[in-house]
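Produce the complete structure using the sequences and hints provided.
In order, the protein sequence lines correspond to chains A and B. The first sequence begins at 0 in numbering that gives the first Met the number 0 and counts up one residue at a time. The second sequence begins at 0 in numbering that gives the first Met the number 0 and counts up one residue at a time.
Be aware that one or more of the hints could be misleading.
Said to hold, decoys possible - The list that follows gives simulated cross-link-like pairs (lysine-lysine, DSS-like), each with its CA atoms no further than 25 Å apart:
1. B:Lys89 - A:Lys85
2. A:Lys85 - B:Lys37
3. A:Lys85 - B:Lys36
4. A:Lys58 - B:Lys69
5. B:Lys37 - A:Lys25
6. A:Lys85 - B:Lys79
7. A:Lys85 - B:Lys52
8. A:Lys85 - B:Lys63
9. A:Lys85 - B:Lys4
10. B:Lys37 - B:Lys4
11. B:Lys68 - A:Lys25
Derived from the structure by calculation, the hints contain no laboratory data.
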Amino acid sequence: MDERNPEMDERQAREEIRLIQTMVEKTRQTTAESGTLFVFWGVICALALIGSYILGFLKLYRWEWANWAGLTIFGWIVTIVYSIRKGRRESVRTYTQTAARHLYFGCGLGFLLVGLLFPAAGVYSHEAIPVLISAVSGILFFVLGGIFAWPFLRGIGLAWWAGAIGLSFFSTEIRIPVYTGLFIALFLVPAFVLRLKFRRERMPS
Amino acid sequence: MTAGKLEPLDPVIHSQVRLAVLSILVSVENADFNYLKKATEATDGNLSTHLTKLEESGYVGVAKSFRGKKPVTTCSITGKGRSAFARYVKALESYLPPGR
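Here it is in structure tokens:
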């Protein structure tokens, strides 16, 4: 690309505007949210829920905490390694990515505290975990929807909060199955939608 | 047909490579040299020259660091560069017919 003639006409102005649009579009495709960690954490939580069911069926309740703690620690290790490796390969970083990264970390820590550490420390009963996890999930999706200007995710956030309120009215026996339904509808489905959106955005328009 | 008054264009931005670089940097926090090279399809030397001009004008900040053992040059737009880019786009619009 060479220096341009300083004289400008309408055709050149249009060319320059097209160049700006092309560069912005290229960058948008490069920095689209992949949703990989969303899907990964969805699978981790699904495995933990299945583990809880199996342990409950076998009446090995005291191992439930170890099931969740083990999978969560594994999830965190994979997340940290993945993020460091991705960060090293990253050639361009947006403010949106930085904001989303802080939100993921903040909510991840929130899940760890309300789902594992506080109940283990006896701050509240294990029965409260689905309600509190749902409330943190609401924050995650609602804010993420704001960052990516995507009303669908904001709606999922609102649904999580409504779910948290709803869960508080159910008895302990049916709270976990209802939470599992909420999790599939409001975490796994959006995670896969996010992944599909990423693949679409990566394709040149 | 264009609008009545044609706005002057900033000579620092009035180059395809420099305009392309600023168009990328205006929408990101930072971008490395290799990404800019690939996106603008410029050669190393050409991009380097244009980045130096943008840096000297205070439109772009250039930081050198290491990613492991590999040297990395990271560029970001400054507040002055952002304002200049906005003025440039506004000036470009004055060359277009009203309403376009």
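Taking the hints in turn, this is what the structure says about them:
Taken as a hint, the B:Lys89 and A:Lys85 pair is broken in the structure, with Cα atoms around 37 Å apart against an allowance of 25 Å. At most 25 Å may separate the alpha-carbon atoms for a hinted pair to count; A:Lys85 and B:Lys37 meet this at roughly 19 Å. Distance check on the hinted pair: A:Lys85 and B:Lys36 sit about 20 Å apart at the alpha-carbon level, within 25 Å; holds. Under the criterion of a C-alpha separation no larger than 25 Å, the hint pairing A:Lys58 with B:Lys69 is inconsistent with the structure, at around 54 Å.
Under the criterion of a C-alpha separation no larger than 25 Å, the hint pairing B:Lys37 with A:Lys25 is consistent with the structure, at around 10 Å. Between A:Lys85 and B:Lys79 the alpha-carbon distance is near 31 Å, which puts this suggested pair outside the 25 Å criterion. Among the hinted pairs, A:Lys85 with B:Lys52 is inconsistent with the structure: their alpha-carbon atoms are about 31 Å apart, more than 25 Å. For the hint pairing A:Lys85 with B:Lys63, the CA-to-CA distance comes to about 19 Å; that is within 25 Å, so the pair holds.
Pair hint A:Lys85 plus B:Lys4 does not hold up; C-alpha atoms about 48 Å apart against a cutoff of 25 Å. The hinted pair formed by B:Lys37 and B:Lys4 fails the criterion: a straight-line CA distance of about 36 Å is larger than 25 Å. Restraint check: the Cα-Cα separation between B:Lys68 and A:Lys25 comes to about 28 Å, which exceeds 25 Å; the hinted pair is violated.
Violated hints, listed in ascending order, are 1, 4, 6, 7, 9, 10, 11; each of the other numbered hints is respected by the structure.
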